[in-house]
Structures are given as structure tokens and as C-alpha cells.
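J.: Numbering-wise (UniProt numbering), the sequence shown opens with residue 1 and increments by one.
Treat each hint with caution, since some may be false.
DSS-like cross-link-like pairs, simulated, lysine-lysine; straight-line CA separation at most 27 Å [as the list claims (entries may be wrong)]:
#	residue 1	residue 2
1	K75	K49
2	K91	K76
3	K49	K76
4	K18	K41
Simulated restraints on C-beta separations [what the hints assert, rightly or not]:
#	residue 1	residue 2	range
5	R45	K18	47 to 55 Å
6	K91	I9	33 to 41 Å
7	I46	R92	45 to 53 Å
8	M38	L69	19 to 27 Å
9	K18	I64	24 to 32 Å
10	K41	D95	29 to 37 Å
Hints are computed from structural coordinates only; laboratory data are not their basis.
Don't be surprised by glycine CBs; every beta carbon is placed ideally from N, CA and C.
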Amino acid sequence: MVRRAVGYIRYDTDEELKIMNELYNTLRLYTNFFLPSMKLKEKTRIGSKVSKKYDKPKTPYQRILECELVSEEIKKNLRRMYETLNPLLLKRDLDILIFL
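Full structure from sequences and hints, please.
T.: What follows is the structure in C-alpha cells.
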């Protein structure tokens with residue numbers, strides 16, 4: 001995830017490590033709370049043709065809220081965290097950190 005954003009250049013200094021950690025934290029929040037993804041529900045092979053069916057695009061945050069295996073306390077903490085986040089500010093911070 002981070003390497004896709006910054007590339008595969010070697011980062012050696014403590015300052016670069018600090019920036020990479022900040023980038024990871026911001027990218028983690030932006031990806032998990034605001035970027036929807038499609039998950040494969042079913043894959044069927046008929047001869048040489050493969051047919052795939054996907055679930056509706058949802059963010060990982062939405063998937064956790066829908067999951068019955070996750071406790072209400074964790075969901076409550078995630079909701080509180082979500083309320084404090086602003087996707088525009090996160091994206092702006094990501095752009096700034098990537099170009100440092």
C-alpha cells in the first residue's frame with residue numbers, strides 16, 4: 001500500500017522513516033474508511049470461461065460494521081474514529097507526504 005504510493009526507492013534516514021510512518025498512518029485511515037473495494041463473492045468455471053460475481057463496493061469500515069462477529073465495543077470505537085475523520089484533509093495530507 002505504501003510502496004504503491006511512494007515507489008520502491010530505499011529510505012535510509014530517521015527523517016525518511018518518520019515521514020514513511022506518517023504516510024502509512026494517513027494512508028491506512030484513508031483506505032480503510034473511505035476507499036470502497038469490490039470483493040469476489042463467487043467464481044464459476046464453465047469450460048474455459050470463468051464467470052465472477054462481486055459484492056457491492058464497500059469500504060473495509062462498512063464491512064466491519066456489518067459483520068456480526070465483531071463486538072459492539074469495537075464498532076463503537078470505529079464509529080467514533082470515523083466521525084473525527086475528514087476525507088479531504090486526509091487526501092491533502094497524503095499528497096503533501098508523498099511529495100516530501
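J.: Determine for every hint whether it applies to the structure shown.
T.: Cross-check of the supplied hints:
no.	hint	verdict
1	K75 - K49	violated, 40 Å
2	K91 - K76	holds, 24 Å
3	K49 - K76	violated, 44 Å
4	K18 - K41	violated, 39 Å
5	R45 - K18: 47 to 55 Å	holds, 48 Å
6	K91 - I9: 33 to 41 Å	violated, 22 Å
7	I46 - R92: 45 to 53 Å	holds, 47 Å
8	M38 - L69: 19 to 27 Å	holds, 21 Å
9	K18 - I64: 24 to 32 Å	holds, 29 Å
10	K41 - D95: 29 to 37 Å	holds, 34 Å
The structure shown violates the earlier hints numbered 1, 3, 4 and 6.
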